[in-house]
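2 protein chains.
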Amino acid sequence: MLYAKNINCAIIVIGVYMRLKKIKNADTVVLNSPFTINNPKEYKGKYKETFKKEIYVEIGSGRGKFIYEMAKINPNIMFIAVEKYASALYKLVKRLELDPVDNLKLVCTDASEIDDIFDKDISILYLNFSDPWPKKRHHKRRLTSDIFLDKYESIFFDKKEIVMKTDNQDLFEYSVVSFVNHNYKIKNIYLDLHNADIFNIKTEYEEKFSKKGFRIYKIEVYK
Amino acid sequence: MLYAKNINCAIIVIGVYMRLKKIKNADTVVLNSPFTINNPKEYKGKYKETFKKEIYVEIGSGRGKFIYEMAKINPNIMFIAVEKYASALYKLVKRLELDPVDNLKLVCTDASEIDDIFDKDISILYLNFSDPWPKKRHHKRRLTSDIFLDKYESIFFDKKEIVMKTDNQDLFEYSVVSFVNHNYKIKNIYLDLHNADIFNIKTEYEEKFSKKGFRIYKIEVYK
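Residue numbers (the numbering used here), protein chains in the order written: chain A, 1 to 223; chain B, 1001 to 1223.
Incorrect hints may appear among the rest.
[Claimed, not checked] In silico lysine to aspartate or glutamate, DMTMM-like type, Cα no more than 25 Å apart, as pairs:
hint, chain 1, residue 1, chain 2, residue 2
1, A, K22, A, D131
2, A, K44, A, E204
3, A, K185, B, E1173
4, B, K1140, A, D150
5, A, K52, A, D115
6, B, K1223, A, E173
7, A, K223, B, E1204
8, B, K1022, B, E1204
9, A, K212, B, D1170
10, B, K1185, A, E220
11, B, K1135, A, D192
12, A, K202, B, D1192
13, B, K1202, B, E1220
14, B, K1187, A, E161
15, B, K1160, B, E1220
16, B, K1218, A, E220
17, B, K1185, A, D150
18, B, K1140, A, D197
19, A, K218, A, E204
20, B, K1218, A, D146
Derived by calculation from the structure, the hints in this document are not laboratory data.
Let the hints inform the model, and build the full structure from the sequences given.
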């Protein structure tokens, strides 16, 4: 119990830390970047035909290490990073300016907008180290709550596929139950990802926290 | 990877150890015990009316600590311990002779017989620390393989409910996927049972291995 609590605390502290570290003019930089989609709703239902590629989306991309590296090694896929905080996306914009990739776009908005942005557009949704919202009364804000899983129903092109990673045991247990209750089947589940023999691109957060010995969980679901 | 391999090894060693420790006349003692059902197929489809209670079954009861303690605190449920090895059941018979309970019976047979013994009889099936069968070619022998989950289809009275515990990460990951593929929903999942705040009766094996710091996994599924 203590262990779980400590992990939650660590995540909250980090979450707040990331959000509070505001970067001056981040909003302007992100807004004016050619990598940013500022009118995402106008592409709703047309992402695939616009970009002529399959669409993979990450919600909560933070500074974008994961999605940037994914885009680099998968040039035939269009990646879209959805992130609420411009201060986080700022780092991804700077990275893209230094070393551009054609197949990565940014959307600076809240996750709750996801079904206003996409309609039968995407193939895979990534949820990496989302906020665990540890208090019971906040569980509905989790990106794997009933509310969000309902929102995701309309965003997928054909087969629905969600890939989730977290170091938060409570969030992971909750999410497994939630996915299954929403009729997702499990493609793979990893209860100790960094000791599993599979290819894995780490997020910035994941790199930092796995070094401290925290276990990383991963699940791939589909329907 | 090393960690997982070590755990598998430990389980194999213990499994073999338990099986090799043969007790003289165990077969005779178990066969002649009033607590043993020697003709379980004759009760097929009639367990509930025979015992006038709901039926909970554990497959692979070993020395029976878990099911004995469950029977003690749930007098309104009839518990049936299914175990292949008389040398393991011997200890349960001796325990029952010293301190009898009315609502516990023993069946000495292989798990593969389960659908020959029960037909719409049982309410809950317990699978505690089953053999992990670590080699891929032996996975079909796991008590949560497709073969076994198909067998369980006919044994439940109404709602199907299976409760599983293990310290084997690979077996647990496999079983979660297998349950969900067989359309079970997840009631609860615990990725670190002994640090969860829930009531738990430990098996003999569980007591020994949790002391060594191995994580215990538990899942409750239903359909």
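Going down the list of hints, with the structure as the test:
At most 25 Å may separate the alpha-carbon atoms for a hinted pair to count; K22 of chain A and D131 of chain A meet this at roughly 18 Å. As the CA atoms of K44 of chain A and E204 of chain A are separated by approximately 30 Å, the hinted pair breaks the 25 Å bound. Taking the CA atoms of K185 of chain A and E1173 of chain B, the gap is near 13 Å; set against the 25 Å cutoff, the hint holds. A threshold of 25 Å between alpha carbons decides the hint, and for K1140 of chain B with D150 of chain A the separation of about 36 Å lies outside it, so the pair is violated.
Distance check on the hinted pair: K52 of chain A and D115 of chain A sit about 21 Å apart at the alpha-carbon level, within 25 Å; holds. Proposed proximity of K1223 of chain B and E173 of chain A is supported: the alpha carbons are some 19 Å apart, at most 25 Å. Straight-line distance between C-alpha atoms of K223 of chain A and E1204 of chain B comes to about 40 Å, which puts the hinted pair past the 25 Å bound. Simply put, K1022 of chain B and E1204 of chain B have alpha-carbon atoms about 18 Å apart, close enough for the 25 Å limit, and the pair holds.
At most 25 Å may separate the alpha-carbon atoms for a hinted pair to count; K212 of chain A and D1170 of chain B meet this at roughly 23 Å. For the given pair, K1185 of chain B sits about 17 Å from E220 of chain A by alpha-carbon distance, which is consistent with the 25 Å threshold. Distance restraint check for K1135 of chain B and D192 of chain A: the Cα-Cα separation of roughly 19 Å lies within the 25 Å cut-off, and the hinted pair is therefore satisfied. With a CA separation close to 24 Å, the supplied pair K202 of chain A and D1192 of chain B stays within the 25 Å bound.
Only pairs whose Cα atoms come within 25 Å are accepted, and K1202 of chain B paired with E1220 of chain B is accepted, the gap being roughly 16 Å. Restraint check for K1187 of chain B and E161 of chain A: satisfied, since their Cα atoms lie roughly 22 Å apart, inside the 25 Å limit. The straight-line distance between the Cα atoms of K1160 of chain B and E1220 of chain B is roughly 11 Å, inside the 25 Å bound, and the hint therefore holds. As the CA atoms of K1218 of chain B and E220 of chain A are separated by approximately 20 Å, the hinted pair is consistent with the 25 Å bound.
This hinted pair checks out: K1185 of chain B and D150 of chain A have alpha carbons roughly 18 Å apart, not beyond 25 Å. For the suggested pair K1140 of chain B and D197 of chain A, the alpha carbons sit about 22 Å apart, so the restraint of at most 25 Å is met. At roughly 16 Å between alpha-carbon atoms, K218 of chain A and E204 of chain A fall within 25 Å of each other, so this suggested pair holds. Between K1218 of chain B and D146 of chain A the alpha-carbon distance is near 23 Å, which keeps this suggested pair within the 25 Å criterion.
Checked against the numbered hints given earlier, the structure breaks hints 2, 4, 7 and satisfies all the rest.
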